[in-house]
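**Student:** Letter by letter, the chains look like this.
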Amino acid sequence: MQINPTKATSRPLFDGADWTFDLVKKAYDAVEEIGIGELELDIYPNVIEVITSEQMLDAYASIGLPRMYRHWSFGKHFVRDELNYRRGSQALAYELVINSDPCINYIMEENSMTMHTLVLAHAAMGHNHFFKNNYLFQEWTRADAILDYLDFAKSYVSRCEELHGVNAVEQVLDAAHALMQQGISRYPGANKQMSLARERERALARHLYEERSFNDLWRTVPKQRSEDKPDVDDVTPSGSSSQVRLPEENLLYFLEKTAPKLEDWERELLRIVRNLATYFYPQRQTKVMNEGCATWTHFHIMNRLYDDGQLSEGAMLEFLHSHSSVTMQPAWSDRRFSGMNPYALGFAIMRDIERITTEPTSEDKDWFPDIAGSGDPVGELKRVWAEFRDDSFILQYLSPKVIRDFRLFGIHDEAQYPHVFVSSIHDERGYRRVRQALAQQYCVSTSDPDLQIIDADLQGSRRLVVSHRVRNGVMLERANCERTLYHLARLWGYRVKLVEVDAESGKVLKEHENLRMP
Amino acid sequence: MQIVDRRLNPKAKSLGNRQRFIRRAKAEIKEAVREAVKNRKVSDIGSGEDVKISSKSLREPAFSLDSKTGSRDFVLPGNSDLVVGDAIPKPPPAGGRGNKGSKDGQGEDEFVFSLSREEFLDLFFEDLRLPNLVKAKLKSVKSTELSRAGFASDGPPSKLNHVRTMRNSLARRIALHRPSLMTLERLEEEIAKAEAEVPRDEDLIEELRARHSRIIQLRKTVAYLDPLDLKFNRHERVPKPSTQAVMFCLMDVSASMTERLKDLAKRFFMLLNVFLRRHYREVQVVFIRHTNVAQEVDEETFFSGRETGGTVISTAFVEMQRVINERYPLSDWNIYAAQASDGHNFSDDMEECISILETSLLSQCQYFAYIEVGAPDDGPYPPSEVWEGYEDLTGPHANFAMRRVTEAGEIYPVFRNLFSEEKSSKK
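Sequence lines, in order, name chains A and B.
Sequential numbering from 1 applies to the first sequence in the working numbering.
Sequential numbering from 1001 applies to the second sequence in the working numbering.
No wet-lab data here; the hints were simulated from the structure.
Where is the CB? At the ideal position from N, CA and C, for every residue including glycine.
Any given hint could be a false lead.
[Stated by the list, open to error] To be clear about the criterion: a stretch of chain B counts as covered by chain A if any three or more of its residues have a C-beta under 8 Å from a C-beta of chain A, and this derived list gives those stretches:
id	segment
1	1055 to 1065
2	1075 to 1085
[Claimed, not checked] Just the calculated beta-carbon pair ranges, DEER-fashion:
id	chain 1	residue 1	chain 2	residue 2	range
3	B	D1081	A	E363	18 to 26 Å
4	B	E1110	A	I63	17 to 25 Å
5	B	T1308	A	S53	55 to 63 Å
6	A	T361	B	A1087	33 to 41 Å
7	B	S1153	A	D15	18 to 26 Å
Required output: the full structure, derived from the provided sequences and hints.
**Tutor:** Structure below.
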């Protein structure tokens, strides 16, 4: 980290809080010079979009995607966020960034120039680099196709609403949303890299086929079984059990392919929801890393700008104020505590990696012999950003120093006791256990319920059986489970049973059955 | 890199989602509106409202793990003095602490959000079953006029504010040391004088000339009037003030008027209020309750107070006449009256009532509406004393309307005459 002496005299990029398009452009160039010129980040081209707070609320409500299809649940989140925002009990995020190519960064018009600069460094450099380079994003998402796909999904849903009525579409989407987390094929190999562009073409082809072969007379003929329809491609369900491979963890996929009663457009809606679930899956697994990467990047860039004289003292203070509130971690006993702050944790570990590579202590040399004193912090961080996800990242890089700084301690909780017990603290014996437990906490595949379809009788009773592998005795939450089962049964069209089976002993602990048929 | 300004994109993109949301929760929202109407004052019917609804129909279920079963390990930050083996009591089940308990907002049984004025009125009207045309009319506040609203730095030339503009210009010229025309003329005189003198002092002339061109230059650079100085009068459209109206709410509060009947009456009063507010900038509401004596009271007492005694309606008319005479001269005020009762009156009193109405009140009022509230299961019953008595008035007096109402949806037709009158007079 050397300061370029020729630049130390440069003038501040801006003074005062007001921003203009020219200033944003200037700030972006300065930020990019450090991000690409010095850190050599590898990013998608950026598009900066200036939006109002209302538009930000809107984007919030639609799970961060501003071109989302319409659904009442987004309206629900919007009105709640809006009320909170109006009352001042909730502040809006400064930025929103979409994992797409080109990468879209939203900045809010009421923010100051300093905040815009911070957002550019944070999102346009940090998040952008992470999206492009992390292996999960590379494997699970297609950044170049997502925007087109969203446009397609939006128009497809609204066309379905026109053709089949808002209510019918709403029912399918409600049910699909309930099963969204079960719409992902988690295990390696199962995820055939799908192309969203191809998805769209596929749906268009299907639609064109329908239009071409549409004959009004047929409406008067008793409905044909879907099996008899000529196939456009492999998607139409055949209904024959040979195509059904069980067990299947991707409930939405299974329903899309085999549910006996669904119409084609309903299957397409399931597919849309399933594709979105898959698109978001990497984000859920990399909260700490993604925010850590972006926060580390903005911290580095803003400091460098300041060192070069491109940020005024005032702007720097404003930045530090917001940076420190973003990376604050309240203690567990604090009223403000609401879980680990991914910004704080990610930033702390990444700063620590920087420290270990440049000024290692003897402890670091014991714990991280490979990187201690390597002298290449940026290179090491880039490798980390590309190759890890939250749980593996914490398991690998959470150092005793960070554990001490955060004063982390492990808790063991047994449901039947009125107390929880401290199982490890930040001491020699505890470091590894704390690290192990925290990593586990961020492991999405263990924090989500493990559900699989284990049986589907396609010829006889048509009953669907889903199993929940119960780990450590943690059962499904009853009321929620029954409501979700209702949605599942509605899509399947027949009875559905859910058995909770202990993962170790194989004993059936509980059975749920949807009694009320939709 | 490319910067796009999205702020001008069509507003209310979220509207579709919002409508879908309101449609979804309609039953609950309507219930909440009904509740809100009960607690509202008659006079502030026309504003938006924060409503609280149960989130039953707004659930978004998903399979989730029950934190009250099994065992788990997790990590917390901020250990102060705990050591291995310490026991921490679990928090009471209500406030799920930490990242385990409160993840999906399971606990939210109530959902608060705010309805806009339009949405609120929509739902309010829906209960009253107004024809759509009327709804549109009631909600729109169309006629506006311009009123001064400060100054703006841009605008059409016709709105230039000369005083402000010149003041700015002067301040700027002083601040930037713009040489005045007088200085220039004086210098020119000096030059002329120096040139006329013999022998000519070339140095002096040279210096004066230089000063002269500097002044010219400076006067060019610092303009006399700069776009920066311009100030324009700003105007805003405000709802047009028409004349003022007073609305009299008359209600029988004897024991036979139950809470339900009073609630019906309240809606009736509210609807009249909404209607009046569309027409008049200022609407005052006077509440007069009566048993066998009448008195003017505030709204709170009007709807909640209980009185015992017989029923003599004419006392209310006398009280109303007194208030009109004292506070609302006919030349300044449009007078509307709304009377609600269950139809009971001392039969001796009816004659008195009719005569007061015929001789004075009806000619003073723009409109006099009477509703008779009753329970839906009363069935066809003999017309009440009041009803019978009033029936003779409907013919000769166009501004008198009456209606029997057993539920909220029947209130509107009382106003039908009023609206149709307005329509025909416009044509």
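**Student:** Would you mind marking each hint as holding or not holding in the structure?
**Tutor:** Right, here's what the structure says about each hint:
For the segment 1055 to 1065 of chain B, the stated coverage by chain A holds: 8 residues have a C-beta nearer than 8 Å to a C-beta of that chain, and at least 3 were required. Check on the segment 1075 to 1085 of chain B: 10 of its residues sit with their Cβ under 8 Å from a Cβ of chain A, so the three-residue criterion for coverage holds. About 23 Å separates the C-beta atoms of D1081 (chain B) and E363 (chain A), a value consistent with the hinted range of 18 to 26 Å. Distance hint check: the CB atoms of E1110 (chain B) and I63 (chain A) are about 23 Å apart, consistent with the given range 17 to 25 Å.
Between T1308 (chain B) and S53 (chain A) the beta carbon distance is about 57 Å. The supplied range of 55 to 63 Å therefore holds. At roughly 34 Å, the beta-carbon separation of T361 (chain A) and A1087 (chain B) lies within the given 33 to 41 Å, and the hint holds. Distance hint check: the CB atoms of S1153 (chain B) and D15 (chain A) are about 22 Å apart, consistent with the given range 18 to 26 Å.
Figure legend: structure checked against the earlier numbered hints; every hint is met.
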